[in-house]
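K.L.:
Here's the letter readout for the chains.
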Amino acid sequence: MHPTISNISQWGFVSGRISALEEGFLSREFFLTMAGQENTDDILRNFQDTFIGDYFATGITSDELDSVFDRCFYEMALSLRNDCPSSIPADIFLLKYDYLNLKAALTGKSTFLFTTELLPQERLSSITQGNYSELPQPLKESVTPATFEAFQIDAGIIDIALDGSYLRHLLLLANAIKSSMIKRYITEMVLAYIVIILWRAVNQGIALKRYQQYLLPLGDFTGVVNDLIGANNQDAWQTIIGDKIGDLFNESLGSQTDDQISIFNLKVSNYLGRIAREGRYQTAGPERVFAFLSGFFTEMQNLKLVFTGRLNRIDQGIIKERLRDCYV
Amino acid sequence: MLSEWIELGRGLCYGGAGLAFGLAGAGSAWGIAIAVHQCAGVLREKPELFGRMLVMIALPGTQGFYGFIAAILIMTQTGLIGGTAIKITLGTGMALFFVGLGCGLAQFVSAIKQGEASAAGISLIARRPEAAGKAILFPAFVETYAVVALLATVLFIVFLTQPLALGLVAK
Chain Z
193 MHPTISNISQ WGFVSGRISA LEEGFLSREF FLTMAGQENT DDILRNFQDT FIGDYFATGI
253 TSDELDSVFD RCFYEMALSL RNDCPSSIPA DIFLLKYDYL NLKAALTGKS TFLFTTELLP
313 QERLSSITQG NYSELPQPLK ESVTPATFEA FQIDAGIIDI ALDGSYLRHL LLLANAIKSS
373 MIKRYITEMV LAYIVIILWR AVNQGIALKR YQQYLLPLGD FTGVVNDLIG ANNQDAWQTI
433 IGDKIGDLFN ESLGSQTDDQ ISIFNLKVSN YLGRIAREGR YQTAGPERVF AFLSGFFTEM
493 QNLKLVFTGR LNRIDQGIIK ERLRDCYV
Chain Y
6 MLSEWIELGR GLCYGGAGLA FGLAGAGSAW GIAIAVHQCA GVLREKPELF GRMLVMIALP
66 GTQGFYGFIA AILIMTQTGL IGGTAIKITL GTGMALFFVG LGCGLAQFVS AIKQGEASAA
126 GISLIARRPE AAGKAILFPA FVETYAVVAL LATVLFIVFL TQPLALGLVA K
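Protein chains in written order, with this note's numbering: chain Z, 193 to 520; chain Y, 6 to 176.
Result set (DSBU-like, lysine-lysine): computed pairs, CA atoms no more than 30 angstroms apart in a straight line:
(1) LYS301/Z - LYS332/Z
(2) LYS332/Z - LYS288/Z
(3) LYS51/Y - LYS496/Z
(4) LYS436/Z - LYS496/Z
(5) LYS139/Y - LYS51/Y
(6) LYS512/Z - LYS436/Z
(7) LYS332/Z - LYS370/Z
(8) LYS118/Y - LYS375/Z
(9) LYS370/Z - LYS118/Y
Just so you know, the hints here were simulated from the structure itself, not pulled from any lab data.
Bound conformation, chain Z alone:
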């Protein structure tokens, strides 16, 4: 799989850190037990021993509850990024925060959470003030002055343009690092993301033509997007998507209509997790960092699901169904 470790010295430190941190990962049994807890105090007590235990120990308000899981992931990714010889494995995971901030900037907001070096506070503030030359290059590829005028008329266009830019940015990052595993992960992720975007649009009755206008270009996936949009019905989608993601799409069609997209999302997440976990067996290298961050992100998602789910008295059966595959 990864037979050589040519860069072991450079990635050794961060990989050593990860080896020590991996001991803190929680098993599926932990989450299943937590999902069955009825008492809020018991839930909180169990969370003290997890990665977010420190955040709870300092005391958080109910307003901060939603963001504490994101903050924990963001701070871990940023900390590992600083120890990496290449920032790309961490940047791939931090990119979503940049694009959330970018959306906030384009809609005139001035408060930004979880900023990174790619889009620091000053640059985002400049975009808020209308300085579009500060936009990241992948976004500039699809937007023109006319697009910005369209933003004012229809806010939905921002989401489509930002989704397209985010996916282009991911593909750029994946191509910039010599790792077949990371490239494969990103390629599959981008394809799955395209399917989810278009699927949601179909369900919401949004005209798919505007996706051709604002989501593209997407490199090798441009043809797939055009074919999906041009398909007369969703039965043809599996063939167009192809390979594993196509199979997962087909499996998801078998679920209840309301759950199809979230089931597909879960299946894709588990599939991508399996790809990423191949990096666990590497002594040192970018795949190791990528695998850890992928596992850490999943852990945060599971913790968030169980914690908020139980606090809101959501049925434990639903929570257990929605749990993602764990790192350990």
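Model the placement of chain Y on the given structure of chain Z, informed by the hints.
P.N.:
Just chain Y now, with coordinates in the frame of chain Z:
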């Protein structure tokens, strides 16, 4: 035998000694650096594991000593240290050169690979500290071949510098 040939043989012999300790020392430094990088990362999160990691870091350092032993043996057996310098034929000089080179290469590669094996062992200890005993076995297997190379080197040096091998005994 021409004195120039003897001088050339002597030069080759000490060139081999230089390669033995040079390559082995370089390999050990490299191997230790690989293990230390991994170890430092682990200690950032778990400083209490320092004691268990120390042996893993030190293991790739032994090759440097093996190269040093080989070089010293060449110098003592040929009389450069503590004795009368003996005549070394071109053939014996070349043989000792390649013995030194072979030893140096074996130590160089094994030290780096032992560093990588130590790094893997360090990762294992970080995740499962109770497995420290098993983790030390992996780099120890790599050590076997450094020791075998040293033994072969010692035998070669000793027998190549016997009077018979040097052509100093009448047949």
